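Q: With these hints in hand, go ahead and build the complete structure from the sequences.
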Amino acid sequence: MSRLIVLDALGLAYRAYYAMVRFGTDAEGKRTTQPTLWTSRKEPSNAIFGMAAIVTKLRREQSPDLWALAWDGPGPTFRHEMYPDYKAHRPPMPADLASQLSPIEELAQCLGLPVLEKPGMEADDVMATLARLGAEAGHDVVLVTGDKDMLQVVNEHVSVLAPQGRGDDYLVLDADAVRAKWGVGPEGIRDVLALMGDSSDNIPGVPGIGEKTARELMLQFGSLDAIYDRIAEIHRPALKQKLAGNKALAYLSRELATVRADLDLGVALEDLRKAPIRRGALAVFAKRWEIRRLETLAQESGVSDDEAGAPAPARPAGRRRAAEPRAAAPAEGAMGGTTPRPAVEPGFG
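Following our numbering, the numbering of the sequence shown begins with 100 at its first residue and continues without gaps.
Calculated from the structure, these hints are not laboratory results. Source: prediction; values computed, not measured. It is possible that some hints are incorrect.
What the hints assert, rightly or not - Here are the simulated DMTMM-like pairs of lysine to aspartate or glutamate, each with C-alpha atoms no more than 20 angstroms apart in a straight line:
{"id": "1", "residue 1": "Lys341", "residue 2": "Asp297"}
{"id": "2", "residue 1": "Lys386", "residue 2": "Glu205"}
{"id": "3", "residue 1": "Lys280", "residue 2": "Glu315"}
{"id": "4", "residue 1": "Lys341", "residue 2": "Asp370"}
{"id": "5", "residue 1": "Lys141", "residue 2": "Glu389"}
{"id": "6", "residue 1": "Lys346", "residue 2": "Glu389"}
{"id": "7", "residue 1": "Lys373", "residue 2": "Asp239"}
A: Structure, rendered in structure tokens:
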């Protein structure tokens with residue numbers, strides 16, 4: 100079966116960045132980061148190097164027929180309109196990372212990797228839409244992300260490849276693996292998040308209900324709707340009071356956690372077919388950012404522009420230096436935690 104691989108652009112960029120930084124504190128006691136990889140021009144290049152390693156490793160090991168890098172679109176999303184505090188607690192993107200985003204998109208062009216976004220939508224919605232389209236077209240779809248929201252789209256044709264902790268491994272999460280970890284199938288993930296909330300996105304959930312209680316409720320009742328339809332069956336007064344007093348918040352949280360799979364992305368799936376590596380462009384890029392392994396890859400695996408054909412779809416040029424602030428990818432790698440410190444695969448090819 101042909102395979103469509105969709106990568107979470109900013110989530111992976113954060114992981115790549117934090118994989119090669121030194122942590123410290125400033126005069127006010129706030130945590131600081133210092134990239135450990137720089138060019139001879141004193142430009143940080145750790146995220147560029149890390150993303151090159153991630154993308155080339157996936158290209159080599161996953162052998163996608165089609166692939167795409169999903170980016171957060173410009174402007175506030177419908178989730179911000181529903182809940183102004185959505186993601187409001189997130190710190191600004193580190194300047195050393197922001198400066199590397201445009202080169203990362205340039206790298207994607209060199210590697211034949213399409214970059215997609217939708218104004219007013221998040222990368223999650225782009226990924227969910229591509230997952231639906233790919234599955235409907237008969238492709239095996241793999242979503243490369245550490246975002247647990249994406250578990251809701253897992254099915255017999257769609258799986259999640261979740262980066263793992265400090266290593267360079269990935270955990271494959273199919274429907275059975277989702278049930279094993281969360282106690283519910285993919286269809287129940289939204290309801291679990293509605294109850295427990297999601298601190299990384301500032302989704303409130305029901306105050307006082309954590310993951311364990313959310314899972315217990317879902318195992319007993321099966322859905323958020325059933326919990327409220329049968330709330331009289333809950334015999335713990337404090338829990339019943341929390342649920343009864345925060346019904347509107349629970350349903351709001353479910354809406355915030357629900358990904359959209361109905362976007363018009365302006366491209367056909369065939370536009371996402373893996374393109375050849377562009378030898379000349381990648382060689383220039385590799386020399387500019389002083390990444391010798393990419394120079395080798397360009398010479399060993401690249402083709403001329405004439406052979407490569409039209410460039411892969413990309414974001415508008417004016418958007419390439421823009422990005423919405425994004426929380427870091429989970430350190431645990433299994434859809435949990437907030438401090439990213441994974442290692443990065445050092446090889447290319």
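Q: Hint by hint, which ones does this structure get wrong, listed from lowest number up?
A: Numbers 4, 6 - these are the hints that the structure violates, sorted from lowest upward.
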